[in-house]
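For chain L, the structure is supplied; the task is to place chain F on it using the hints.
First to last, the protein sequences are chains L and F.
My numbering applies: residue 1 is where the first sequence begins, and numbers increase by one.
My numbering applies: residue 1001 is where the second sequence begins, and numbers increase by one.
Honestly, the hints are just simulated from the structure, not real lab data.
Treat the hints with care, since some could be wrong.
Calculated lysine to any residue pairs in the SDA-like style (CA-CA distance at most 25 Å, straight line) [claimed, not checked]: (1) F:K1257 x L:R249; (2) L:K252 x F:P1266; (3) F:K1257 x L:S29; (4) F:K1200 x F:Y1169; (5) F:K1267 x L:S29; (6) L:K257 x F:R1249.
2 protein chains.
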Amino acid sequence: MPHPFDPGYFDEPFRALASEYPGADVYPSDQFRVEWGPIFHRGRLDGSARVLVIGQDPAQHETIVRRILVGEAGRRLQGLLAKLGITKSYVFINTFLYSVYGSVKTKTKKDTRLIDYRNLWIDALISNGQVEAVLALGSAADEAWQLWKKTSKGKAFKGAYAPVIHPTYPESFSKGDKVKLAEATKRLLKNWNGALQQLKSVIVHPDSPTPLLLYGDIWADGERPQVPEIDFPAGLPAWMHEQDGWARRVGKDDLEKRRSIEIRVPKGIVQ
Amino acid sequence: MPHPFDPGYFDEPFRALASEYPGADVYPSDQFRVEWGPIFHRGRLDGSARVLVIGQDPAQHETIVRRILVGEAGRRLQGLLAKLGITKSYVFINTFLYSVYGSVKTKTKKDTRLIDYRNLWIDALISNGQVEAVLALGSAADEAWQLWKKTSKGKAFKGAYAPVIHPTYPESFSKGDKVKLAEATKRLLKNWNGALQQLKSVIVHPDSPTPLLLYGDIWADGERPQVPEIDFPAGLPAWMHEQDGWARRVGKDDLEKRRSIEIRVPKGIVQ
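Okay, chain L solo, but in the shape it has when bound:
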């Protein structure tokens, strides 16, 4: 059985972008987990992407597989794109190359070196004119997009743009409160329905044409599909792309937690 994979950063300009990137001088280590290295993207770099998504920052699963949006947020996004008929022709980058630690200072967000590098990625992903729509997940991603839109290439872009609520906003907002979680989920899905209605007619080259089926008030079956194997680097085991929860930051204090990631093969795989 073949295992399709993402070949990564072979062709220019992606090879250069994955070789020369901002480090701790641009992403200060009191605001970012720079010690785990940058994580660049997920999806198509071959010019076939019809939808560009800007996310926020990578977390621990992303750190291990070296691709972004591979956990719960990624599955929810995968479901949103599927409702638009986009099952493979997408590409994602993040606002930030490194995982946010605490919060990001305004001065950091405005650092032209950070912005210019990110704009090079957007330039590269938009340049062939195939991208029909751009989605931004959360406010930091929206800001990133607005900064690119001010550039000359940004001004020339004619595709659609939809800023949406971040896929895991309900969890971060509700902090374990089930009532708040339900409310926030409903709010998110309503927001996403707005984006679906806006973008449906804009996506004129879907991978799998499909009638528009809006979200209800809760996540329905099939609305959080798996991240496809083809989005991961070669040779990763199935459990790394079929689920998340297998990577945790462990340790007795904040410093130890910051220094460690424990990977555990899910139950039932090793006997």
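This is chain F only, laid out in the frame that chain L set:
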């Protein structure tokens, strides 16, 4: 500062080899840690390799970075190649795609599916006629080479071949006994000196021509150089290629140890 990296399995036949590989039906899970996925190679896949090295099997650091021979064995090998003037024009594969768990049964070693797949890699790496010498690390690798030599392409290969003692044989042989460790290290270095004398004149296209400097009885300064950054996938942090010891199998029993790898950023990197 640019961070050169290994772009991996983009061109054929490597793209196909990294996509369709033997699984647990060929590598039984009582003999291999198949649950962590296959790990294919380290080094040049662009036809520039002058030396092909066959190692044994990957361990925990290899599992995280998805390249082989990146730990202590890799550094010792790097030093051996440097004495031949080979600092970048090399490529390594392993006898086994997965980490050995316990020991490998003869029936498994003789499985034609295992052998045929490995032979496809050797075919691909030898095919352009640039490889001047082949090294096998340990007896399993030597057996792998002999099996390839029986094929029609193997019979046609005119380069040199040197089977050597595995780079971490002294540690596995001595099991913590310092006297045995010193003896085994001396034995290994003597064995490696033999290979150096055999291969020195064979490597006619070294990267950095250098006079032959044989090993003494112990590892000398500079004989275990770092694995170069260019051998790792894009974006990995410096500590992942500058040292090892940052990945451990943890857990209270054998099953838990098999299921877990803990990664810890070395001290002094996160404040």
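Hint by hint, here is what the structure shows:
1. F:K1257 x L:R249: The given pair, whose Cα atoms are some 17 Å apart, holds under the 25 Å limit.
2. L:K252 x F:P1266: Holds - the C-alpha atoms of P1266 (chain F) and K252 (chain L) are around 16 Å apart, at most 25 Å.
3. F:K1257 x L:S29: violated, 32 Å
4. F:K1200 x F:Y1169: Satisfied, since the Cα-Cα distance of roughly 23 Å is no more than 25 Å.
5. F:K1267 x L:S29: holds, 15 Å
6. L:K257 x F:R1249: Answer holds: K257 (chain L) to R1249 (chain F) is near 17 Å, not above 25 Å.
Hint 3 from the earlier list is the only one contradicted by this structure; the remaining hints agree with it.
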